[in-house]
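Undergrad: Top to bottom, those sequences are chains A and B. In terms of numbering that gives the first Met the number 0, the first sequence is residues 0 to 299. In terms of numbering that gives the first Met the number 0, the second sequence is residues 0 to 228.
Simulated pairs of lysine-lysine, DSS-like, Cα-Cα distance not exceeding 30 Å:
#1 LYS296/A with LYS69/B
#2 LYS72/B with LYS18/B
#3 LYS72/B with LYS296/A
#4 LYS296/A with LYS67/B
#5 LYS45/B with LYS293/A
#6 LYS217/A with LYS45/B
#7 LYS217/A with LYS72/B
#8 LYS16/A with LYS131/B
#9 LYS69/B with LYS193/A
#10 LYS156/B with LYS217/A
#11 LYS131/B with LYS5/A
#12 LYS205/B with LYS173/B
Since the hints were derived computationally from the structure, they do not count as laboratory data. Here the structure is a predicted model, which means the values were calculated and not measured.
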Amino acid sequence: MIKFFKLIPYHFNNACKSIYRNLAMSFSSATAVSVTLLLVMLFLVIAVNLSSVSDKIEKSVQIFVQIDNIVSEEEYDAIEESIKSIENVTVVEYSNKEEQFDLLVADEQAGSEYELLREENPLLNAFYVDITSGEHLEAVNAEVLEIEGVYNSDYGGTSANYLMEAFETIRLGGGLFVVILCFLAIFLISNTIKITIHSRSDEIAIMRHVGADNTFIKMPFMMEGMMIGLIGSIAPILILVFGYQYLYNVLGGNFFSSLLEMQSPTPFVLYASLTLLGLGALVGMVGSFLSVNKYVKWKR
Amino acid sequence: MIHLENVSKIYTNGVHALKNVNIDIEEGEFVYIIGPTGSGKSTFIKLLDGEEIPDTGTVLVADINVGKLKHSKVPYYRRNIGVVFQDFRLLPNLTIFENIAFALEVLGTDRIEVRKRVREVLTLVQLDEKAKAFPRELSGGQQQRATIGRAIVNKPKVLIADEPTGNLDPAMSKEVIDLLEAINKEEGTTILMVTHDKALVDLHKKRTIALDQGFVVADIMKGGYIKHD
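Next up, chain B with everything else stripped away, as it sits in the complex:
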């Protein structure tokens, strides 16, 4: 599903963000990406969602060579992947229902179809009662669930979650991780979760890839937070 081969990225300011990275992730996997600040996690995500182009190497997502995409094709590519951000990024002037529906309307989906699917997703993320609320009226955990709802509403092949629990307390974090697990199981979506949260990674053990200073320093199937010097 995701295939990185000899990928390197150097920013114009000289920061060497990724160095010769090779990663393979299969369809339906749930993978944590961990590492300290500046380890290249954000760059890794930016490469996957088409925001940045690798300097060398190839990035393949669902058989699409992301680095070679034309600028104008990037929006269409992004419809294959859902992204969840730490800071939620919901449209403040739209209700939760409209926010989730938005990702479908972009595709020109039929209105009846949109309504049906959004209802489904609202049930999945347990926000049925908040459909008409605006983002500011929701708690952090609820907003993050809404963001996840928006990310999965068009049934993407890959869901990338960038520190989805970064702004949440442990109870809310558990809500979010449970939801992601449910999506991984029920919809078969490949999930990549970037996180700092040691407790979470230790509790919900999954394949864990550790990055440090642009290198992949560990890739263990059994999971658990890796300590290294």
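Only chain A is shown next, with the shape it has when bound in the complex:
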């Protein structure tokens, strides 16, 4: 084990030399990593931003509960309590029918025309119910409807559900896509390193002849793969750092509409860069490990 650590600088040195002496091959491997990581980076940006948007929308989803006119003022507290006791309900806010009318007048384009009706306000007193996450909308809504004195309860119906499902699908699909891309990157790197190793299989044979064990043979290749991965991650990281900042500034932090708010660059770019760097190193190492392993299978 001590020998293993003692040899790390030696292997590092060798890997550097090998990258330099096989410059064309190293460059092509690094480019393969760059291209793949660029795709991963793009998807990372999209997925993280979409995820934050959908989080925001989910949080803003409310159930609108109207209370029957015949319910007396004293019973409101009881109704509020019963709504609060439902699972996944976070905040219940009361809004009387005058407030509702004000909202109607303010909201509708022709709202002022309703002003004439203020005296005989046909609207109902209501509760706004916030819940923990969009997926519970339907269940909570059904329970609210069961409560006595509730005239109607609404949450935007199936359209809200569809939106939630769509976001969920995009998030899942995005994650899956990133994983697939990583495998693709590993495959690309292991293939390029396979070519490197193939062109150096004579070297491996000689190493074996002078008594090098498998760890000794593998180490420089794996370090080389890792360094190629790191080098390959530089370009996508630079593009991310400058590109995202630029995009954020140009779009003013919103993507086309204020609904699609972009992640602030400060922590996001740092985390994403570190992710790409780590992914590059990991993918490079795994890729070269896989291909070098095939070449150094025990035989005499």
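Dock chain B against chain A, hints included.
TA: Chain B in isolation, oriented as in the chain A frame:
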């Protein structure tokens, strides 16, 4: 040092490479192995360096039963023996110094120790001035001397040379054989040299083992190339 007892080897394609071979070689000996193509010389070497396993019989090198070694132990075993090939097999991307140092680095030898020993060996094989050159910049004789340097740098007990002069002209061959003799004398290394070179064997007389069609047909202490029908 080397002990072969009733060793036979048949390849999967049916070629009967060695037949019931018995050989004993003492420590510090210098032995030629001669014989025509297909006589089993290469198989003999492959058995010694652990590349092949005998079908029957035992191969003992420095008290290690080579045929019974686990695959994963073979690299460690090979550190006891140096092998010199006809086609040199130097690492093309390493300098002569690095090539020789490589056999020590494999063992995890201390860097200062590596430098010291490689300098010694470079002097022994007379390549001090070529330390920073790459193999392709050297003549055949120089490359072969570098290979010998690599083979002896970790002071192996046995040095196996597989036709080390096969690709060289007589002058260069003499360089190589002189070097091998020096190593045999100065370092006390047991040397086995497989060769075709009649002139060389006649000139530098040593114990000579002749193989033909898998059999040991002669083993003479006085040496000289043996002719047989």
